[in-house]
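Asker: In this note's numbering, each residue carries its 1-based index in the sequence shown increased by 687.
Just so you know, these hints were derived from the structure itself, not from any lab.
For clarity, every value in this text was computed on a predicted model and none was experimentally measured.
We put the beta carbon where it would ideally sit given N, CA and C, even for glycine.
Among these hints, one or two may not hold up.
[What the hints assert, rightly or not] Derived lysine-lysine pairs resembling BS3-like cross-links, with alpha carbons at most 25 Å apart: (1) Lys989 - Lys974; (2) Lys1113 - Lys1123; (3) Lys711 - Lys701; (4) Lys970 - Lys901; (5) Lys901 - Lys921; (6) Lys780 - Lys901; (7) Lys984 - Lys1013; (8) Lys901 - Lys980; (9) Lys1125 - Lys1151; (10) Lys773 - Lys701; (11) Lys901 - Lys724; (12) Lys1123 - Lys1151; (13) Lys890 - Lys946.
[Unchecked claim] Computed beta-carbon distance windows for the label pairs: (14) Asn1130 - Thr758: 53 to 61 Å; (15) Glu976 - His795: 29 to 37 Å; (16) His795 - Leu845: 37 to 45 Å; (17) Ser971 - Ser1115: 26 to 34 Å; (18) Leu924 - Asn987: 16 to 24 Å; (19) Arg947 - Tyr714: 50 to 58 Å; (20) Lys901 - Ser694: 26 to 34 Å; (21) Ala1109 - Lys711: 34 to 42 Å; (22) His843 - Lys768: 53 to 61 Å; (23) Lys711 - Asp943: 51 to 59 Å; (24) Lys1155 - Leu755: 46 to 54 Å; (25) Gln833 - Lys768: 39 to 47 Å; (26) Ser1115 - Lys901: 26 to 34 Å.
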Amino acid sequence: MVQEAKSELERFLKLHAQHGNAEKLFYHLEKAAGSEKVHQHNEELYSLFDFKHADSRRQGVVTVSWDLFTTGSISLEALIKMLRLKADGQKIKTLIQRAHFVRFPERHASELTEAEMLAQLGLSSTSAKQIVDASPKIDWSTEIIQQGFDAEYQGHDLIVIPTLETLRRYAGQWREDAYEAPYTSIISPTMSGKTRLLKELAKHVCVVYICLRKAGSTGQPPRSDLARHFIPEKGQLNMIQHYSHLLIAILKTVYDFFKRPDISTKSLEDQLSEWFDYSFQIKSTSKVEFNTKVEYKLNNLKTASSSELNLTYNDIRLGDLPTRNKLATAVSDVDEIMESEKHGNLKVLLAIDEASNLIDHTDRRLHIPYFSLFRQALSTIPSSMGFFSVFTDTTSRVANLNPTLDRDPSSRFHGRGVDLFAPIYKISTLDVFVPKDKPSSWNDLLSPERLFSYGCPFYLLYFKGARKIKPKGAVQTTAMIAQAKLLFKTQSASPGVLSSPQCFAILGSIIQTRLSLHAPINSELIASHAAHCMFIDSERNDCQRLSPTVCLCICS
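Make the full structure from the sequences, and use the hints.
Answerer: Now the structure itself:
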């Protein structure tokens, strides 16, 4: 850990050699945004400037130009000219985002346009918009993606049942004197079927599904309407109390639904089907009644708490007793209304999709991510109540969602359990669509339909859907999506400007390069470059990955 931090600082100092007091700037950025964000900053700039292969003269030009641009002393056009950069839309975006990060690390650039970031930097946005708008974009079909959520599920007994058994076991093991909180994370690469797995789990257990996708994103599934309460635009004075109230409101809504006479008398299968239709927003149609009831109960809780006694600082950082008691009552009521004969020891599964967005936002008073505060609220839920939660994501690092103790900034507030439930990563969706019969010829082996059947299930489903709508462009569009997911960018890049993770991502399916288990690049390949997680050690420091074959076949 110490060596990693030292190496990150050294790289930062080289890139920012002309910035005044660069070491102080490094620690300021690390404190404001976290070490993972600084690592990402270094990685992207090293790749963009090809800094590793630049001679001392070139490095000098880069550092001077970069200092002038980040301070607003030269325009974007001048920077491009000084560095002799090609007018590449992806590079322009990266330059603007990195400069904005240096100046405003506490702000969330992902929620801003390039023009807005340049305006905050005090620079013109005209040329940037022209370059970015001219960049090729993938023509995704939301309709095809959503059809994939309804396709016949493959490998139910191999994927869903083991996952369900693990979650049930975890729910039974939860004790506040042993574990940090009743949660785990599902670790799997993009397009591997994590959301679809949650949908299948909803046939066996009451799943409360919330997608925290960024506002304005066109990705699928869409951002849940309740996401704005998980990541409020303006941070609450007491975020732990806010999250506790949100959990209470959700649990009370679950209780009201399953208590209804027309629901309670039905079979478990029918109850869960009704609940899915009522609350699970996997398509664009909002679940209005569910959202309205949760928000109504949440507002009532906030109104009632505002008249209570003033909270101490310990209440704010640990949670106040009255709110903890209300949460305990809410989960107890749900446990009682759901018959054990029907629901077993796992009765409610809170599923948070795109969970890394909780990490991107930080409480300014306590200086820890919203994720840690939400987990603190979860930790007050009593054991043996049939409640558990699961977090899924694709682009954050493994350590972000299930951090080791030495990387967890909120652990200093805990005087109770310290163990974490092991993450779930053995999700056997890889190659589920590969035909059982051997190819009859070379043409059969190299046919698009067979190639797209390898790797993640998404690609074959999308290809089949695209072929019905636009046959001539089906192969190209699906291949562009695969390439974008492989390289974690929407444009192709020449070998000279590829980052190390991108190189490993491209070559991985052929050479399956063995890296040291504790190498940070393993986590990055899983998080952002379509590699599958095959093993994670108990301390979450080491992981082993496997690169699927589909992407190389498509992109070669």
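Asker: Next step is simple, just say for each hint if it's right about the structure.
Answerer: Hints versus structure:
1. Lys989 - Lys974: Holds, because 23 Å separates the two Cα atoms, which is no more than 25 Å.
2. Lys1113 - Lys1123: Roughly 22 Å separates the two Cα atoms, so the pair holds.
3. Lys711 - Lys701: Holds: Lys711 and Lys701 sit about 14 Å apart, inside 25 Å.
4. Lys970 - Lys901: holds (16 Å)
5. Lys901 - Lys921: holds (15 Å)
6. Lys780 - Lys901: holds (17 Å)
7. Lys984 - Lys1013: Judged against 25 Å, a Cα distance of about 13 Å means the pair holds.
8. Lys901 - Lys980: holds (23 Å)
9. Lys1125 - Lys1151: holds (20 Å)
10. Lys773 - Lys701: Roughly 23 Å separates the two Cα atoms, so the pair holds.
11. Lys901 - Lys724: Given that 25 Å is the threshold and the Cα spacing comes to 17 Å, the pair holds.
12. Lys1123 - Lys1151: Holds, because 18 Å separates the two Cα atoms, which is no more than 25 Å.
13. Lys890 - Lys946: Roughly 19 Å separates the two Cα atoms, so the pair holds.
14. Asn1130 - Thr758: 53 to 61 Å: holds (59 Å)
15. Glu976 - His795: 29 to 37 Å: Given about 31 Å between the Cβ atoms, the range holds.
16. His795 - Leu845: 37 to 45 Å: Roughly 39 Å apart at Cβ, these two residues keep to the hinted range, so it holds.
17. Ser971 - Ser1115: 26 to 34 Å: Distance hint for Ser971, Ser1115 holds at roughly 30 Å.
18. Leu924 - Asn987: 16 to 24 Å: Distance hint for Leu924, Asn987 holds at roughly 18 Å.
19. Arg947 - Tyr714: 50 to 58 Å: Since the Cβ atoms of Arg947 and Tyr714 sit about 55 Å apart, the hinted range of 50 to 58 Å holds.
20. Lys901 - Ser694: 26 to 34 Å: About 30 Å separates the Cβ atoms of Lys901 and Ser694, which means 26 to 34 Å holds.
21. Ala1109 - Lys711: 34 to 42 Å: Since Ala1109 and Lys711 have Cβ atoms about 39 Å apart, the given range 34 to 42 Å holds.
22. His843 - Lys768: 53 to 61 Å: holds (58 Å)
23. Lys711 - Asp943: 51 to 59 Å: Holds - the Cβ-Cβ distance for Lys711 and Asp943, about 54 Å, lies within 51 to 59 Å.
24. Lys1155 - Leu755: 46 to 54 Å: holds (52 Å)
25. Gln833 - Lys768: 39 to 47 Å: Holds, since Gln833 and Lys768 (Cβ atoms, about 45 Å apart) stay within the stated range.
26. Ser1115 - Lys901: 26 to 34 Å: holds (30 Å)
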